[in-house]
Amino acid sequence: MELNILHLYYDILNLYGEYGNVVIMKKHLEDQGYKVNVDKKTVNDEIEFEKYNFIYIGCGTEKNLDFVLEDMKKRVVDFNNAIENKVVILATGNSFEMFGKNIDKKEGLCIFDYEVERLKDRVTSDVIYKSKFFDGKVVGFVNKMTETYHNMSPLFEVEFGVGENKRNDFEGVQYVNLYGTHISGPILARNPNFLKHLLIKICKNADKKFEYKEIEYPYEDAGYDLVLSELEKRADEEKKK
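Numbering (the numbering used here), first residue to last: 1 to 241.
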């Protein structure tokens with residue numbers, strides 16, 4: 001069986017090496033026995049969203065995100081159909097901000113009922129999150145200039161670092177098989193638990209008889225354990241202050 005991955009706006013929304021998320025997902029899907037095709041699409045390209053099993057959108061500058069938003073508006077019906085048809089979609093960094101009603105005074109795609117406010121100052125933070133959708137914690141780095149307000153199911157609960165807004169308790173959005181988080185960079189390479197969760201979703205959507213093969217990835221696991229340990233030490237130190 002073949003699986004198809006779409007790396008959307010690979011050349012514009014790839015600020016922190018987000019292509020690594022596509023690379024590692026492809027490798028892990030191949031390890032499960034699938035042939036995997038990766039398509040890279042950008043502004044003005046023809047896109048058949050329905051052919052893909054996994055769609056990935058990464059992070060970009062605020063200027064590039066505004067540019068991409070205008071292209072996405074031409075595709076909003078097809079993209080929304082992909083969401084409702086349970087295609088697995090991961091949007092990282094500021095890319096998922098496009099799906100709401102607005103980014104400041106600029107109209108968004110209006111797929112979801114949330115609002116994004118741009119700030120004067122940039123917010124940066126290492127983070128530890130946890131999710132009700134899979135076991136284990138998520139580590140990463142957030143670099144944003146926005147606060148997001150919504151009533152959707154949040155993707156993560158904040159354990160250390162920044163959240164969506166001043167309340168700082170939740171982060172990200174989740175709807176059907178769409179996952180959006182402000183964590184930027186290769187989040188899947190850093191978080192084997194999140195990678196496995198998405199991989200199983202992708203495979204079960206394509207093959208109802210799919211059974212996950214347990215494969216050891218010692219270097220990935222060791223890297224995750226090291227980062228989590230260091231960030232938990234920092235979190236403990238912050239609590240003591």
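Simulated from the structure, these hints should not be mistaken for laboratory data.
It is possible that some hints are incorrect.
Pair by pair, the computed Cβ-Cβ distance ranges are [to be verified]:
hint : residue 1 : residue 2 : range
1    : ALA235    : TYR149    : 39 to 49 Å
2    : ASP121    : TYR149    : 15 to 25 Å
3    : PHE133    : GLU237    : 25 to 35 Å
4    : ASP113    : GLY223    : 33 to 43 Å
5    : LYS166    : THR61     : 22 to 32 Å
Cβ coordinates follow ideal geometry from the N, Cα and C atoms, glycine included.
Hints, verified against the model:
1. ALA235 x TYR149: 39 to 49 Å: 25 Å, violated
2. ASP121 x TYR149: 15 to 25 Å: 18 Å, holds
3. PHE133 x GLU237: 25 to 35 Å: 29 Å, holds
4. ASP113 x GLY223: 33 to 43 Å: Roughly 37 Å apart at Cβ, these two residues keep to the hinted range, so it holds.
5. LYS166 x THR61: 22 to 32 Å: Given a distance of about 24 Å, which is inside 22 to 32 Å, the answer is holds.
In this structure, only the earlier hint numbered 1 is contradicted, and the remaining ones agree with it.
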